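> Below, each chain spelled out in residue letters.
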Amino acid sequence: MKAGFLALPLIALPFVLNDFWLTQIATRALILGITALSLSFLATYLGVVSFAQITLAGIAGYTIAYFGPNTVGVGIKLPFWVSIPAALLFSVTAGALIGYIARRSRGIYAIMITLAIGVAFFYFTRQNYAVFNGWTGFSGITAPVVAGTSLRDPSTLYFLSLATAAIAVVLVSLFARAPLGLAIQAVRDAPSRVMALGIPVTTPVVAAFAFSGLIAGGGGILNVWYQERISSFSVGLGPIIDVLIIAVIGGLRHPLGAFLGAIVFVLLDTFAVDLIDRDRFNTLIGMVLLIIVMVAPNGLQQLAADAVAKLRAKEHQSGKSARIKTNT
Amino acid sequence: MKRLKIAATALAIGAVVAPAQAEDIKIGVISILEGAFASLGQDGIRGAELAVKEAGGVVDGQSIDVITMSSDASPDSAVNAARKLIEQDNVDILVGPLSGSEGIALRDLSKSYPDITFINGSSAAQDTTLRDSSENFFRFGGDGAQWMVGVGQYAYEEMGYKSVAVVAEDYSFPYTQVLGFMSEYCSAGGRVPEKFWTPIGNKDYSSVVYSIPDDVDAIFVALGGADAVNFLTQYDQAGGDKPIIGGSITIDSSILESKGPFKNLLIGAPAGTPTVSDYEGDEWIAFTALYNEAYPDGFSAPSIFAHHYYMGAKAAMLALDEVDGSLDDGQQAFRAALTDLEFVTPTGGTMRLDENRNGIIDNFVTEVYEREDGSLGTRVVKVVRDVNQVLGQDPEIFLASGPVSRDNPSCP
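Going line by line, the protein sequences match chains A and B. For the first sequence, the working numbering begins at 1 and goes up steadily by one. For the second sequence, the working numbering begins at 1 and goes up steadily by one.
Here chain A stands alone, though its shape is the one from the complex:
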């Protein structure tokens, strides 16, 4: 019922919006939301803030670029049904590897390790020419054509992103309730007790990172189809911080928070320059983000949930009083 309320307008969007709003705002927000979800998943269930999620998305994106059609003459062309699983495989493996490296760190130390990995990957892509084509990166990437329609077609890409986002949200919810997910949360809350019970801590941590790699990889593949290019800039500190901002302002508690954060971020990023003097638009973006963090310390999702709960309570109360009236 609740899902239906959410799903119907989202499915109707392509029939209402023009291409700009559909692609540049809605699709872009979904794609950023998917990558941010991989971060908020780790933050919520494992208690680790990872700065390496853009790296994981980037690995999937670069795989698509390297094994797909591009105009820079680097790479091997493979059919998309090979390159897409390969991209996901690489991002999952990379996620597991990062999880293994960071398995014993928490808090600020986990941030430092993942940030170091992210920045190292950024400089590596910038200077490696054989695989990543250095500074220039890959351009002219085209999304595969399935049954006569390009996946880059505005409504096709939108539905694809929407479906991926829905699957990611469902997967995160299921994963959190599965035995492995519960083990991960136990590691978050009391790692020493988990060890005392004889459960190895490494496996759940590595599994959580690998799973976040799967989600981030999905976002990365969609992103490279959306941008039709990828370069060192796509995996730099800017996007890393963007995704963190999205996850934080959206709220880490609920998977949908990442998407709320993404839509606010994309709207601001696109239209701030129209609202205010062009010298100052970054100030506006910063101010709005600051206000969101101050007003809604648990993110926009929590703010919305609170508002809905309050409304319900009021309705409930007025309903009750109405019934009392009829009784008397």
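Keep in mind that the hints were calculated from the coordinates and are not lab data. Given the structure is predicted, the values throughout are model-derived calculations rather than measurements. Note that beta-carbon positions come from the ideal geometry of N, C-alpha and C, so glycine has one too. Be careful, since some hints might not be right.
[To be verified] Computed from the model, here is a short list of chain B residues facing chain A with C-beta under 10 Å:
id, residue
1, 87
2, 105
3, 162
4, 163
Given chain A, work out where chain B should sit, using these hints.
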């Protein structure tokens, strides 16, 4: 009552028709308005707006709307900015972007928007127009190689440097600059035994400084901004005394005004550039006056960015004027007018396009000199007119040498 109805109908029709009559032509301008390049990017916008202002902001009764959008030097952001301008603001013509990799990204994007005309701002990557060029992407300016024309020959013949080491940043623009220098220098007889590619934003150049061979006569430094200051400072501190040859963005005001001890290395250093701020040509003086009048709070003279955005926007205005502001029929007439356009540039040459829609430009060889008060300035030692993108060579031979890279060209 009836009269009221007629009036209402007339009003309604008027409301429908009126906007069609007053339909503006929209020009979107993309420049870097954030981060380290913000003040330079702002000057690019000034250049584009100046060209529109100069024409009175009107072409054949249609007013010209300029809408600006910022990128952050990354190709992704340039593409996002362009998509927003095209799809949301419905611009007809795009002017921009500022930097090289952004230019290649917009060139690729322009193929997906055949009804929009893209005119380059100041980005100067070679492949934007040379290879894989796009029908609706025009560049009324040169690339990084054209901007070095004249320097190679000058260094070999006038300065007598027989062999030169190269220190440059590791990305497309410096590659192109090195090509422009080397293709002339090597065919004059010079040799480049060693090239050092450093990451952009590098702080520690000691490994480069100590690897520069003893037997070279000079160093060609194609670094920009802080990178150039850092390299020259460290080279000077290590006791280096080879003379310097500069790239187009190496010797700028920040280098000339910095109090670094490397001043003596710079005096007499030649460099190549399409824009000399204090050039004394009549057209440039007039252009500077126009710029200063319109932007009292701008720079003291137009920068390379204002100069190039101005030429791009001016070309658009002139071509629009030629077709009486008509952009019908997929802008075919407008593009034909752009293709055949010839106009006098602020540097006094004649701007026109080659078959890849790339500008044939004037280029300057400048040298650093010491003023009487001890400060440094640049002065023009040579003007090279009519520099084309294949640097005067046979196009087929030029193209056959392949895209620029770390190892191409080479003459050790």
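> For each hint, tell me whether it holds in the structure or not.
Going down the list of hints, with the structure as the test:
1. 87: Constraint on residue 87 of chain B satisfied, holds at 3 Å.
2. 105: holds, 6 Å
3. 162: Nearest chain A Cβ about 31 Å off; hint violated.
4. 163: violated, 27 Å
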